[in-house]
Amino acid sequence: MKIVLVVAALIALGAIAPFVNSYILILLTQALVLGIIAMSVDLLLGYTGLPSLGQAAYLGVGAYLTAILASTHGFGLEWGFWLVVVLGILAGAATAALFGLFAVRASGVYFLMITLALGMCMWGLAYRWNSLTGGDNGMNMPGRPSFGIDLADDLNYFYLVLGFFAASLAALYVLVRSPFGRSLVGIRERELRMRILGYNTWLHKYIAFVIAGAFGGLAGVLWAHLTGIVSPGDVILTTSVDVLLMVVLGGPGTLVGGAIGAGVVVFLREYLATIVQWWQYVLGAVYVLTILYLPGGLMGIPERVRRRSSSKIH
Amino acid sequence: MDANFWLIQIFNGVSYGALLFLLASGLTLIFGVMRIVNLSHGAYFLLGGYVALSVIWTTGSWLLALPVAALAIALVGLAMERVFLRPLGFDPLRQVLLTVGFAFLFQQAALDIWGGDNLIIDPPAALTASWVVGGLYLPVYRVFMIALAVAIGLALWLAMERTRIGAMVRAAVDDAEMARGVGIDTSKVSMFIFALGAFLAALGGVVGGAFLGVYPGLDFEVLPIAFAVVIIGGMGSLAGAAVGSLLVGLADNFGKALFPELAYFSLYAPMVLILAIKPTGLLGRE
Chain P
1 MKIVLVVAAL
11 IALGAIAPFV
21 NSYILILLTQ
31 ALVLGIIAMS
41 VDLLLGYTGL
51 PSLGQAAYLG
61 VGAYLTAILA
71 STHGFGLEWG
81 FWLVVVLGIL
91 AGAATAALFG
101 LFAVRASGVY
111 FLMITLALGM
121 CMWGLAYRWN
131 SLTGGDNGMN
141 MPGRPSFGID
151 LADDLNYFYL
161 VLGFFAASLA
171 ALYVLVRSPF
181 GRSLVGIRER
191 ELRMRILGYN
201 TWLHKYIAFV
211 IAGAFGGLAG
221 VLWAHLTGIV
231 SPGDVILTTS
241 VDVLLMVVLG
251 GPGTLVGGAI
261 GAGVVVFLRE
271 YLATIVQWWQ
281 YVLGAVYVLT
291 ILYLPGGLMG
301 IPERVRRRSS
311 SKIH
Chain D
1 MDANFWLIQI
11 FNGVSYGALL
21 FLLASGLTLI
31 FGVMRIVNLS
41 HGAYFLLGGY
51 VALSVIWTTG
61 SWLLALPVAA
71 LAIALVGLAM
81 ERVFLRPLGF
91 DPLRQVLLTV
101 GFAFLFQQAA
111 LDIWGGDNLI
121 IDPPAALTAS
131 WVVGGLYLPV
141 YRVFMIALAV
151 AIGLALWLAM
161 ERTRIGAMVR
171 AAVDDAEMAR
181 GVGIDTSKVS
191 MFIFALGAFL
201 AALGGVVGGA
211 FLGVYPGLDF
221 EVLPIAFAVV
231 IIGGMGSLAG
241 AAVGSLLVGL
251 ADNFGKALFP
261 ELAYFSLYAP
271 MVLILAIKPT
281 GLLGRE
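Chains P and D, in that order, give the protein sequences.
Each residue of the first sequence is one higher than the one before, starting from 1 at the first, in the numbering used here.
Each residue of the second sequence is one higher than the one before, starting from 1 at the first, in the numbering used here.
It is worth saying that the hints were derived from the structure and are not from the lab.
All values reported here derive from a predicted model rather than from experimental measurement.
Glycine residues also receive a C-beta, built at the ideal position from the N, C-alpha and C atoms.
Please note that a few of the clues may not be correct.
Which chain D residues stay away from chain P? Per the calculated CB distances, all over 12 Å, these [to be verified]: (1) N12; (2) L53; (3) V143; (4) A269.
Per the computed footprint, the stretches of chain P lying under chain D, defined by three or more beta-carbons under 8 Å from a beta-carbon of chain D, are [to be verified]: (5) 162-173; (6) 194-208; (7) 231-243.
Label pairs and their in silico Cβ distance ranges [to be verified]: (8) D:S54 x P:G74: 47 to 55 Å; (9) D:S54 x P:L268: 43 to 51 Å; (10) D:V83 x P:I149: 22 to 30 Å; (11) P:L192 x D:S187: 26 to 34 Å; (12) D:K278 x P:R190: 38 to 46 Å; (13) D:A79 x P:L192: 54 to 62 Å; (14) P:P302 x D:S187: 33 to 41 Å.
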């Protein structure tokens, strides 16, 4: 039932895309790219119980890899794009494999602080390693790839991102339903018991961390081509914070919740910002109210309504 | 690179470390007592600087600005703890996320009230001179920063070790449930510590405003540095915050002087190294 709803929503999104104006189309694409990284954070936060506050690092790795290959070496602007996608995923996973060695043995708020600091290591490199990253100015992309299909057309690019989003959602859905995904939930609920049952809980968490990094890398490749410029601002703490809040807003442990949160945040930030000056108050207030009154996020609303109406009957 | 170069770099590093101690000691105290990572801490630092500027603009007194800004932000912290964090109960993750929401609100409020310019807090003339010691120029302001941090560090240490409220705080850190059991009002202790943390951060913001400046975005720039300090020193440990501040201050200065391309990396890399060897930080407990 829920799968049908999600598939219908994705098809509907694809169907209306040709008819919305170009600005909305860009925002939709942005929301989908951020939705991918939000889902990767949900794998950690919602399923494994690890609040990552450094996910922008993997987005940065993917984005800078794409930008360096494209602008310095002119690579990845034709069929090579698909190789860049694979490389971006691998680079995200490799970075997470390194960072995970430090982060995964911590839990709770300790994990949060360590991932935050690791993320800032990445930002520091992007910001100061001028010869490689262009420093504060960032790197301009020479344009989107074209391989028979010209991705410079925003609609084509939207469909590409929609495809990657659907594939990521499907892959993560299969993952969290697998025995491995179940073990992650077990670790979230009671790690000690899982360890007593003979699970190598460190390894399970580590693998989840690396997988999340891989999706972060993918989002980075798509982000670079979407915005056309990669700068330290993409890797900075606030990006990681935003992504974590998208998941909390949408509802942790639901996958699509993160994507919905991404959509809400992107539209609040970009669209509202064009209308009113005080949009950031709205965003901040939405966060605060969600955390105070909606622990399950937006996805938790139907459940709350159901519980309330059933408690009225009794 | 002669001896003078090294001495000056060490002096600069230590004085920067002194500023970091003001910022990080509050963060580590709050964490120790409440298990909350306060992500609004950078905002307290920034708001402290802005409030001090307003006081200076109206009264012209830097000396007055120091306590007024710190107390004003302590009140903000107090209100935040009472009205929003306390009702959440013991749920560190939700509390942490709530402090992020506030960090965004404070950022926007600061932008609306004080604008987007890069402002500088001019210290009083008495502190702008330089002392010449053995051929080295030592700015008095930096000496003042070190003295202030040492004084505050000593005061905090004495308060924690020698006073009744300090004993209550230590009891709450060790075992909050037992502390409540023997009649300590841990809720009051939390409120007090949160306000104290905000007070220290704001004080740091005023002092740091003289050479970091006061500008939008400063809040999220200093926050991760404070984190590095607290992680290196050991979360919840006051002595750890002192050691961590010194290490990070020195690492930052030498990193910028010796390997400019890797400057920020050389700031966070020691932290990662220490974590790899001792996950609880240098002086943190298991």
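Status of each hint after checking the structure:
1. Here D:N12 stays apart from chain P, with its beta-carbon at least about 18 Å from theirs, past the 12 Å limit.
2. The claim that D:L53 lies off the interface holds: its Cβ sits roughly 21 Å from the closest Cβ of chain P, which is beyond the 12 Å cut-off.
3. Chain P leaves D:V143 outside its interface by the beta-carbon criterion, the shortest separation being 29 Å against a cut-off of 12 Å.
4. Consistency note on D:A269: stated as away from chain P, yet its beta-carbon is not over 12 Å from all of that chain's, at 7 Å minimum.
5. Chain D is given as covering the stretch 162-173 of chain P, and this is violated because 0 residues of the stretch bring a CB closer than 8 Å to a CB of that chain, at least three being needed.
6. Given a C-beta distance limit of less than 8 Å, the hint that chain D covers the stretch 194-208 of chain P is violated, as 0 residues qualify and 3 are needed.
7. Coverage of the stretch 231-243 of chain P by chain D holds. Counting CB-CB distances below 8 Å, 4 residues qualify, and the rule asks for three or more.
8. Distance hint check for D:S54 and P:G74: the Cβ-Cβ separation is about 53 Å, which falls inside the suggested range of 47 to 55 Å.
9. The hinted window of 43 to 51 Å between D:S54 and P:L268 is violated, with their beta carbons roughly 30 Å apart.
10. For D:V83 paired with P:I149, a C-beta distance near 54 Å fails the hint of 22 to 30 Å.
11. Distance hint check for P:L192 and D:S187: the Cβ-Cβ separation is about 29 Å, which falls inside the suggested range of 26 to 34 Å.
12. The hinted window of 38 to 46 Å between D:K278 and P:R190 is violated, with their beta carbons roughly 27 Å apart.
13. Between D:A79 and P:L192 the Cβ separation comes to about 38 Å, which falls outside the hinted range of 54 to 62 Å.
14. At roughly 35 Å, the beta carbons of P:P302 and D:S187 sit within the given window of 33 to 41 Å.
Hints 4, 5, 6, 9, 10, 12, 13, counting from the list given before, are not met by this structure.
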